[in-house]
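Asks: Next come the chains, spelled out residue by residue.
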Amino acid sequence: MNYSDTSIAATTPFLGLENVRKTYPGVVALDGFSMEVRPGEVIGLVGENGAGKSTLMKILGGVTRPDSGTITVDGTAHDGLTVEGSLGSGIAFVHQELNLFENLDVAANIFFGREPLRGGPLRLVDRARLREMVAPLLKRVGANFSADTQVASLSLAQQQMVEIAKALSIKARLVILDEPTSSLPIAETDKLLDVIKGLKADGISVIFISHRLHEVERVADRVVVLRDGMLAGTLPKSAINHDQMVKLMIGRMLKEREKASEAARAPGATALSAKAVRTPAYPARPVDLDIRRGEILGLAGLVGSGRTELARVFFGIDGTLGGSLELDCKPLALGSAADAVAHGIFLVPEDRKLTGILLDLSIAQNISLPNLPAHAKRQLVSASAETVTAEKQKKDLGIKAPSVQTRTGSLSGGNQQKVVLGKWLAMNPKVMILDEPTRGIDIGAKAEIYGLMRALADAGVAVLMISSDMEEVIGVSDRIAVMHEGQISGILDKEHFSQENVLLLAVGKPAN
Amino acid sequence: MSKKDLGLLILILVVGAVVAIINPRFLLPINLANTSNLIGLFGILSIGQAFVIITGGIELSVGSVVALLGTLFIDFIAVRGLGWPIALPLILVLGGIIGLVHGWLITRLKLQPFVVTLCGLLIYRGVARFYTADGTAGFAFGQNFPELEFLTAGRSWGVPNSFIALIVISIVMWVVLHRSVFGRYLYAIGKNEEAAKYSGIRTGRVVMAAYVICGVLTALSAIYFAMYTRSISPASHGQFYELYAIAAAVLGGFSLRGGEGSLVGVILGTVLLQELQNLVNLLGIPSSLNFAVMGGVILIGVLVDQQWGVFRARRLMLDASRKSVAAE
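Those protein sequences? They're chains A and B, same order as listed. Take the first sequence: its letter number 278 is residue 278 in UniProt numbering, and every next letter is one higher. Take the second sequence: its letter number 173 is residue 173 in UniProt numbering, and every next letter is one higher.
Treat the hints as calculated values from the structure; they're not laboratory data. Treat each hint with caution, since some may be false.
Said to hold, decoys possible - Subject to a maximum C-alpha distance of 27 Å in a straight line, what follows is the list of computed BS3-like cross-link-like pairs (lysine-lysine):
1) A/LYS377 x B/LYS191
2) B/LYS191 x A/LYS353
3) B/LYS191 x A/LYS400
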């Protein structure tokens with residue numbers, strides 16, 4: 001074994017994790033996970049949502065400490081990292097949601113808080129020197145924009161380059177990219193993958209987290225697969241292929257879910273339909289879509305493909321720029337969400353805390369809000385009527401809270417989502433639109449929400465589920481419509497369900 | 001009555017007791033009657049303001065509206081010979097229209113409340129001055145309106161009728177704000193307008209209605225102020241009244257971000273402000289310091305309230321962490 005010993009010595013890992021374990025109340029997020037990253041190595045990190053990737057990121061960023069295990073950075077072993085320690089040893093993050101000041105220019109963003117000063121009491125920024133410092137960084141990431149461009153005017157991929165340049169500016173030795181391509185068009189993705197190759201050539205390590213397995217295939221030297229907080233397997237360069245990754249990631253789960261919704265049902269009559277509807281996000285792209293009674297129609301697509309905008313039109317928040325809506329084959333005019341609610345079209349929005357519920361109101365007050373006149377006599381709200389309605393929803397949905405008078409803000413994400421559902425279920429929905437209904441919700445509550453959607457469909461409600469979780473879309477839907485840049489690029493029937501088909505349609509290519 | 005309101009009430013009583021000990025004239029019926037008359041006038045104004053503030057808006061034009069509508073009212077009944085039973089509802093309708101226009105500009109044309117009502121402040125003041133040619137609107141010698149004067153400036157059982165009017169309005173508005181569907185919508189919109197809209201509330205109409213209510217109550221108080229002063233020079237009448245109203249609401253626990261505050265709170269805020277005014281007079285503090293005293297007290301009040309909130313939040317967190325440790 002002398003031979004392999006020397007080869008390891010030649011490339012001492014920059015980062016090593018050994019037997020790292022992290023538990024949260026009721027959940028084991030990481031269960032004895034080990035991996036290592038060598039200098040100049042590109043690691044593809046893949047795993048389902050909830051597999052433990054974000055916990056791993058938090059530990060590497062020093063935001064949380066593991067319960068046990070060792071983290072070795074640059075030869076020094078630690079029990080856990082601090083934020084400063086992580087930064088100081090050259091670990092940099094580029095998050096899925098970019099942390100840039102859109103109103104400032106590129107240079108200001110890259111050296112924010114670390115601007116070179118001209119000296120003197122006024123602490124003026126030395127603009128000339130700032131530009132000198134920024135120029136080589138931009139060159140390294142292959143930027144085709146100048147340092148004094150406003151960030152707001154850059155494309156998403158360019159903004160990501162700014163983030164990477166920022167990472168380089170702190171002399172990063174490991175750059176962790178979290179879902180960097182999930183909202184990028186294909187051409188821009190290629191640019192980003194080139195930047196990653198450039199980093200590798202400079203001896204910088206990269207951890208590339210992505211659901212887009214084809215990209216992982218193209219760029220990774222090694223793939224690490226996480227499943228249920230454990231290392232499901234490692235694939236060396238020669239063994240990296242799509243099927244292997246999927247097998248390690250989901251194999252077991254996928255079968256289970258398919259079985260659960262295998263009973264195919266006869267489609268009902270069309271409930272809500274869009275006829276050449278044009279949304280404010282893509283004014284030139286008409287959308288045609290029928291949602292039938294008794295089905296769960298999955299709406300897949302990349303972030304920014306226009307799914308949420310379509311839901312907003314269905315719910316009357318935004319007007320259509322053309323085309324028309326029909327409900328039960330009758331023309332439908334929506335001037336506001338109030339109109340949609342009056343027609344039994346309900347939306348569980350994507351951003352629960354901003355638009356789904358009022359955190360400061362009680363469970364009962366949130367549930368009665370859309371239907372308050374029904375809980376009032378002569379315009380005076382009856383607290384007892386509110387309580388009766390809320391108690392029923394609390395029981396039916398299994399909302400875990402001390403009472404229905406509890407402030408909604410103090411509930412867990414899953415229970416908050418149930419309150420959002422409860423306010424609509426109390427009102428006999430005809431069409432139920434759910435935008436990313438299980439985002440940020442723990443596994444147990446997820447299953448309950450899937451069950452609820454199925455029960456609604458069985459009761460004859462038309463259910464539209466927008467989701468970016470591939471497994472969820474495939475496992476829960478009866479049909480899948482896929483959006484690409486504002487248009488429906490295809491609708492898949494049950495027998496054509498597959499990750500590849502959804503992904504192909506999502507990037508605007510025909511399905512197999 | 002919430003804890004906040006109770007704290008304010010205790011502060012009012014303590015300040016009152018201190019002033020009464022230093023200067024017993026504070027408790028003379030004539031002083032109490034005068035003060036409660038002012039509480040009535042400013043209270044009606046402040047309730048209107050409170051309805052706007054609860055939506056997260058602000059109404060800066062009320063002082064100018066008091067001047068303009070007061071001028072018009074006196075002009076209608078004293079110069080143009082309009083009967084007051086006609087002039088009074090007409091003025092209320094005008095106040096409502098002003099509120100409607102503000103609400104429309106804010107909800108439909110998406111202008112900021114501060115900007116819209118600041119422009120209103122300038123416009124109505126200017127119009128009022130132009131209307132009287134910068135003169136003074138008042139009654140001719142010997143002109144009398146016994147019923148109107150009784151209702152506005154008179155007294156029943158020694159209590160000023162303006163104060164009684166405030167109590168009646170307060171009860172009605174308490175029900176509207178704290179018990180009605182509309183009141184719940186106001187709080188919901190103030191807390192999170194987007195979420196309210198996503199719950200199917202027609203938020204634009206509700207906010208507009210709040211400005212209309214503010215306009216009508218401002219118009220009513222304009223009539224009371226006009227009948228109290230009996231002569232109006234539009235250049236100065238009602239100046240800074242919007243700030244009195246905003247101060248009363250803030251003292252009463254309203255957040256300028258919206259969604260917080262109670263009707264009892266804004267009334268108590270008005271009482272405290274008038275008590276402070278009275279205190280300045282009775283304790284021989286130079287009246288030029290009037291505003292400074294008011295500003296100082298509001299600042300201290302808000303500061304104590306905010307620090308108390310921080311303290312309570314910290315205590316809650318400590319409790320929660322202790323409980324979770326005990327559970328393990």
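Asks: The structure should be examined with respect to each hint, and the outcome stated for every one.
Replies: Quick rundown of the hints versus the structure:
1. A/LYS377 x B/LYS191: 24 Å, holds
2. B/LYS191 x A/LYS353: Holds: B/LYS191 and A/LYS353 sit about 12 Å apart, inside 27 Å.
3. B/LYS191 x A/LYS400: 24 Å, holds
Every hint from the earlier list agrees with this structure, and none is contradicted.
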